[in-house]
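In order, the protein sequences belong to chains A and B. The first sequence: position 241 = 241 (the working numbering), numbered continuously. The second sequence: position 45 = 45 (the working numbering), numbered continuously.
None of these hints come from the bench; they were simulated from the model. Heads up, none of these hints are tricks.
Derived Cβ-Cβ restraints for the label pairs, each shown as a range:
no., chain 1, residue 1, chain 2, residue 2, range
1, A, D85, B, R41, 25 to 33 Å
2, B, D55, A, G31, 56 to 64 Å
3, A, E148, B, S26, 20 to 28 Å
4, B, R41, A, S342, 41 to 49 Å
5, B, S26, A, R198, 37 to 45 Å
6, A, K363, B, R41, 36 to 44 Å
7, A, S342, B, N57, 53 to 61 Å
8, B, R41, A, F390, 39 to 47 Å
9, A, D85, B, K19, 31 to 39 Å
10, A, K363, B, D55, 44 to 52 Å
Built from N, CA and C at the ideal position, the CB exists for glycine as well.
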Amino acid sequence: MEEFQTQRFDVIVVGAGPAGVAAAVTSARGGAKVLLVERSEIAGTKNMIGGAVFLSALKEVFPDNWHQAPLERYINKHTWSLLSDNSSVDVSCDFPLKPKSASIFRSKFDSWLVSQAKKEGVYFAPSTLVKRLIKKNGYYCGIETELERIEAKVIIIADGVNSLLACQHGFRYDYDAKDTVLSIKETVKLSKEIIEERFNITKGSNNGAARNFLGGLKSENTPFALGFMYTYSDSVSIGLGVNLEDLRRYALNPSDLLEKLKEHPVVAPLLQGGEMLEYSAHLIPEGGFKKLPKLCENGVMIAGDAAGFVNAIHFEGTNFAFISGKFAGETALAALKINDCSKRTLKLYEKKLKQSFILKDLKSYKDVMENLYSRTNSLMNYYPKKAAEFFEIFSGANCISKRDEFRNFIVNFIKDRSIRELFKDLAAFISSIFGVLK
Amino acid sequence: MSSDEVKKKTIEDKLTTIKYNCDSESHLVLDAQLCKNCESRCCTYICPAKVYTYDENQNTINVDYENCLECGACKIACPYGAIDWKYPKAGHGVIYKQS
Ligand SMILES: Cc1cc2nc3c(=O)[nH]c(=O)nc-3n(C[C@H](O)[C@H](O)[C@H](O)COP(=O)(O)OP(=O)(O)OC[C@H]3O[C@@H](n4cnc5c(N)ncnc54)[C@H](O)[C@@H]3O)c2cc1C
Ligand code: SF4
Ligand code: SF4
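In isolation and in its complexed conformation, chain B is listed as follows:
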């Protein structure tokens, strides 16, 4: 593998290195009303797994909870406390092997 392959990886590339046992329902629930009026939408950029993306047409936030690394950053960063942040059910979510 060349050095270029280590460099310039996107988050999507990085996430493929991680093992998950996905739950069938989201452990992250947003208060849609608060999000509609949120001007910063910082969840969409601070998340190391890009779990949150903004849907411009509907003015809503999509939550790809399957990719969540359970770090807790969004819970603290969201200025409106709009995220009901829980851990996934026991045995679900991220499974680190070499971290």
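Extracted from the complex, chain A is given alone in its bound form:
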């Protein structure tokens, strides 16, 4: 690492996730001398995803060679399940010829990203923890690692959800527990054949499936939580994202909740006979638009999870990271060109974000999570239960007249829940939809 100390860089990028790598290659392609710094020894080994990378954004950053990336399976089949205690009501979609995302292991995927960046001239410093930024005369102009100080004209912070750098230098506060989701996951080994069979995937193909589960946690105090499964080549993930405030309020442990999901009669058969390969945990920022940090200052920009760029409803994060990183790289190049790295010039980064889906989506979704969160009990308990009851009648042939059964169902639907609560659910639903469309 000492080799970099005496050098002066145009751009230093902190964090070698999708945001950092996109920022680094974009700057390097424009002729800048770029140093990419990562605290792990091998890129990706500190990181976890559910999860799948969105291909549109990967292609945007690596248009020529994206298909060489270590992608496990193309995720073209999605199933959303409402789980009641013992049953499931599902909605599925299948785009066998049009995959939008692919499952990845971060250790392999991030390492590939870095190997491409190096090929394009980016200097890479692994095993290097940035402790703080250097600021001189009101300008951020370098980094301080455990061993040394390295200077640059522009710094791009892409150090992920915990962004100690952003918090430490006052770009944002730490997130509140209510705006944070703690995700845990287990990677479970299963044979290719079993995966293809259980997830209805064409034999021998590299197609894959994703599943999401709402409800089914059998807990007295139900936290706001979403379960997920993704298929890899010869393993699957099973995980759960839980609102951190709920964990705290109800004194719950995330691993215990995941065990409940794994025991659910609809989920258990999908995992049967599997062997756990790895357990992992990671946060997801959900504060979104309301918790945006300062996006730039003299000499510095913030991209990806560090800036809270995630659309939790659609499981979108990698696309926000790649594209915001790319914008930061482009802005760095524009600033270097006119030799002015002041906040005024770097505001171009903010402008690009505003004109793109990144700030547009964050803005239109700004109330959605809060709306859903305020209806936790409805979403996690009441509606999954009612959906199950409805389909039990619909598909049940219970030797009771359908008219009586449906009448009963409707009477109970209203009786089990005050009209006021039903209206509140409806209001939250409408407010979310209008928020997005207006």
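Could you slot chain B with the ligands onto chain A? The hints should help.
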């Protein structure tokens, strides 16, 4: 391996699947005074790696920092900001291979 082995795993079982390069000193430092007066002790249950345990006799919190997954949840959840939360030294801590 039977299905039962996938089910009902304890955190201790789960942690054995993870590779670490342990540091010799803790990257998590608690303000013992704040912890003594803390009534929630939420760090002891929200942590996915059970890093924090309560020692009733001494009214202190033990920190098994070696098991930390570096997720950051405790830093945000602690109501008193009692955790001086840092990343382990470069090259140390958790090493995910299949996550
Ligand atoms: C359970 C789960 C499921 C998800 N599912 C999806 C999904 O299906 N689709 C999707 O698009 N997104 C998903 N995401 C979100 C996605 O993973 C993130 O949005 C994305 O990885 C953010 O990229 P990033 O580059 O901003 O940050 P990260 O990927 O977190 O990278 C930050 C990097 O910075 C390094 N670093 C941190 N601090 C320092 C420092 N001080 N010095 C040096 N290096 C440092 C870290 O080691 C890390 O490598 C999911 C996330 C989780 C947790
Ligand atoms: S770390 Fe925080 S939550 Fe845990 S005992 Fe100390 S003050 Fe309480
Ligand atoms: S960072 Fe995560 S794993 Fe580590 S002690 Fe805190 S909550 Fe536990």
